[in-house]
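> Taking the hints as your guide, dock the two standalone chains into a single complex.
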Amino acid sequence: MTGLVPMADIKIGHHVERTFLGMTFNVDTIISTLVAGVLVLILGFWATRSLTKDTEDHVPTKVQILWELVVGEVNKQVEDNLGKVHPFVAPLAISLFFFILFANWLELVPTKLNEHTHLLPAPTADTNLTYALAAVTMVSVWAYGIRQKGVKGYFKHFLEPFPVLLPLNILEELIKPITLALRLFGNIFAGGIMLALIGLIPLYAMWAPNILWKAFDAIIGVIQAFIFALLTVLYFAMAGAGHEEHESHEEHEDEQRKKKAAEAAAVSDEATPVPAH
Amino acid sequence: MASVAITPMEQNFLVPNGTFFVELIAFGILLFLLGKYVIPPINRAMTARQDAIRAEFAELDEAKSEAEAAEEEFKSQIADARHEAARIREEAREQGAAIIAEMREQAQTEAARIVEHAHAQVEADRKAAVASLRAEVGTLATTLAGRIVGESLEDEARQSRVVDRFLAELEGAN
Numbered sequence: 001m002t003g004l005v006p007m008a009d010i011k012i013g014h015h016v017e018r019t020f021l022g023m024t025f026n027v028d029t030i031i032s033t034l035v036a037g038v039l040v041l042i043l044g045f046w047a048t049r050s051l052t053k054d055t056e057d058h059v060p061t062k063v064q065i066l067w068e069l070v071v072g073e074v075n076k077q078v079e080d081n082l083g084k085v086h087p088f089v090a091p092l093a094i095s096l097f098f099f100i101l102f103a104n105w106l107e108l109v110p111t112k113l114n115e116h117t118h119l120l121p122a123p124t125a126d127t128n129l130t131y132a133l134a135a136v137t138m139v140s141v142w143a144y145g146i147r148q149k150g151v152k153g154y155f156k157h158f159l160e161p162f163p164v165l166l167p168l169n170i171l172e173e174l175i176k177p178i179t180l181a182l183r184l185f186g187n188i189f190a191g192g193i194m195l196a197l198i199g200l201i202p203l204y205a206m207w208a209p210n211i212l213w214k215a216f217d218a219i220i221g222v223i224q225a226f227i228f229a230l231l232t233v234l235y236f237a238m239a240g241a242g243h244e245e246h247e248s249h250e251e252h253e254d255e256q257r258k259k260k261a262a263e264a265a266a267v268s269d270e271a272t273p274v275p276a277h
Numbered sequence: 278m279a280s281v282a283i284t285p286m287e288q289n290f291l292v293p294n295g296t297f298f299v300e301l302i303a304f305g306i307l308l309f310l311l312g313k314y315v316i317p318p319i320n321r322a323m324t325a326r327q328d329a330i331r332a333e334f335a336e337l338d339e340a341k342s343e344a345e346a347a348e349e350e351f352k353s354q355i356a357d358a359r360h361e362a363a364r365i366r367e368e369a370r371e372q373g374a375a376i377i378a379e380m381r382e383q384a385q386t387e388a389a390r391i392v393e394h395a396h397a398q399v400e401a402d403r404k405a406a407v408a409s410l411r412a413e414v415g416t417l418a419t420t421l422a423g424r425i426v427g428e429s430l431e432d433e434a435r436q437s438r439v440v441d442r443f444l445a446e447l448e449g450a451n
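Quick note, the sequences are listed as chains A and B, same order.
Using this note's numbering, you'd call the opening residue of the first sequence number 1 and step up by one each time.
Using this note's numbering, you'd call the opening residue of the second sequence number 278 and step up by one each time.
If we strip away everything but chain B, and leave its shape as in the complex, we get (with noise of 0.2 Å):
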């Protein structure tokens, strides 16, 4: 206690003492180890970080819109595809057209052809079959003579019979 009445500036807790130099080195030495070697890794580290997380959002941001404009192309391709498609439908039913009434006027042409044929057919047989009877006609009648005179010509009923029985080989020969 009589120190404290002598000398009281050193008794003052507001004084420094030593220990301020001590405390000064001591936060210098802090201060140089944090500064040197904890500080600087934990500032890249954080630059680091962050330049990596640009780059992840960078590279995000440039596959969106790859993938968007690859939707958009994907998008325009199935629209082509489909008015590709449509044109080709329409081809189809339009030549489908041409060729049924293609065929029809072929098939009317052949039919036509078909009855033309017939009937010139039909006409070289008949003038056939006139020729033909002419040709026989002389014959026939040239036999039915021979016959008329052949046979007695007397009575009626044998007359008849003749003139029977040529109808009757006239009708069986034809």
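The following block holds chain A by itself, in its conformation from the complex (with noise of 0.2 Å):
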């Protein structure tokens, strides 16, 4: 009986809605983003003001670690994928990186025992986030892209191989952010639904579920950010790819590059077991 009854009370995709000139807006979402956003922010003014207090010693603060290690990391994938760091690319996949993982980790964070098992929801459980995201790098890539091969160039690309692949071309360029969008939202979406259920189970069998599945969510937290950011970075790779390399080495590059994003795409969709509902 008790199984049954508190189901009703999971509300799939509720927000906190507030309508302002004619569109709705959902506050708890905006809230826990500006939580998120804030969190970056101070993490990454501590990082730099720690960094300019003593440069001659060249001792890095565990701060200034944690963000070289992925200003870092970033920086020699975009390297590797682009051929130099991009001054717009690697600031874009690190700030992305940093914001997803805040965001996700944000559902954490408890609240009274029993009432919620998250005190906020992950702003990133919410298609509008990960759209405005999705559409950000997009928009990038297309404007890297038309930028580096030139607007005939670029259009030029989608009659290759051959002039018949032209919608599945396309096709592929809208799938990018909607996949990019809904990969993440749909992780972390089923993470929310995932501590929702634990949160049904009585508190003396709850604990046991709850701290394995936060520590498993952590996890896939920190993988979503870390494809998030990968895959804007081949995305921004596979458009501007071919400018100034020869065709048949391009072709292969390019067939290796899409390769790997697709390895990527899987290996994170599997991270996350969809949850029985």
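Calculated from the structure, these hints are not laboratory results.
Please note that the accuracy of each hint is not assured.
[Claimed, not checked] Just the calculated beta-carbon pair ranges, DEER-fashion:
1) B:Phe-351 x A:Ile-42: 57 to 67 Å
2) B:Leu-291 x A:Lys-84: 36 to 46 Å
3) A:Tyr-204 x B:Arg-331: 53 to 63 Å
4) B:Asp-328 x A:Ile-178: 42 to 52 Å
5) B:Arg-331 x A:Lys-62: 19 to 29 Å
6) B:Gly-305 x A:Ala-266: 42 to 52 Å
Where is the CB? At the ideal position from N, CA and C, for every residue including glycine.
In structure tokens:
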């Protein structure tokens, strides 16, 4: 009896809404977005503050090491795929990683026991955020591709390797942002549903699955943030590929990148089992 | 529940609403702040540290090669000094041998000279003795003759006494 009745209390995709200028705004998502953003900024400025304090001995602080780890890794990825550390792509990927990571982890902060299992809903469990991030990424990718190859060169790419594939190429460009957004959303949203389901378990038994799931969710948070940033870099690489290299070489590299992206996406999708409803 | 039936899209969580634009602006601000104020200094610090480490390693290599060169020089100097010492020792031994030989030569010459000198002296003394003896023999003979003449030569006893006395005097004078 107790197992079925509270089930109805779980509201999927429910948000605290306010209407303003004829548009609906999810207030809870906005608040948690701000919290995540502010946390990232605090961490960032903390790192740079201690960074500027003693530059002579070059000994990094712990926060600086954390940032350097991510910045260094992203720079390496960007350099490997784009040929140089692009002044826009690298900061974009770093910002995406940290922001998504903190947004994902917000879900783990607990509230009063047995009321909710999380204090703030992860803003990444709202498609508005993930669509926005994917939009930023894809618009940047298209702009980068056009700037690298020229308008003609970029659109010529849609007719390659065969003009017949034009619909598929266009579809691919549209699917990229949607998958980017929905992968992140799905994983984190599923995590939230799992937490809600675990919240239904009586308190004396709840702690074990709660701890286990939150530990797992923390790892998923990292993986999803990493995947999003990595795919962003790879999409930039695909858009800019072949404007200077040899034709067959470029094709080969492009194929490899596509494969890499597909593998990365597959890994991330497998990471979260779909919770049983 | 009725609103769900009328406007199903409004409730679909896969369809974005106004929040989309807020998120877009929020992420734009975050990207701007991180890209302008956080990431460049971190990149600079990383580059600076890498440069510093590289410079330090270069310095280390330089110092090491310098130290090796100094050690090499030191070793060669030590070897040179050893050779020099051996040479000096050899030279000193040779010089010593030469000096000893020379000294021996000198000593032998000196000894020969001294012996020669001694021989000459002895010869001269002998000659002088002979000369003086020759000169005295006359006188002695005269004295002896005088005595013999002065004394009575009658008895044998007296004669022998005189001769004895003469001989004794001769011995005493000698």
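> Range hint 19 to 29 Å: satisfied by the CB atoms of Arg-331 (chain B) and Lys-62 (chain A)?
24 Å, holds
> If I claimed the Cβ atoms of Asp-328 (chain B) and Ile-178 (chain A) lie 42 to 52 Å apart, would that claim hold in this structure?
44 Å, holds
> Check the following: the C-beta atoms of Tyr-204 (chain A) and Arg-331 (chain B) are separated by a distance inside 53 to 63 Å.
Given about 60 Å between the Cβ atoms, the range holds.
> When you take the CB atoms of Leu-291 (chain B) and Lys-84 (chain A), is the distance between them in 36 to 46 Å?
38 Å, holds
> Does the Cβ-Cβ separation between Phe-351 (chain B) and Ile-42 (chain A) fall within 57 to 67 Å?
At roughly 58 Å between Cβ atoms, Ile-42 (chain A) and Phe-351 (chain B) fall inside 57 to 67 Å, so the hint holds.
> Just to be sure I understand the hint, the distance between the Cβ atoms of Gly-305 (chain B) and Ala-266 (chain A) should be within 42 to 52 Å; is that true here?
31 Å, violated
Checked against the numbered hints given earlier, this structure breaks only hint 6.
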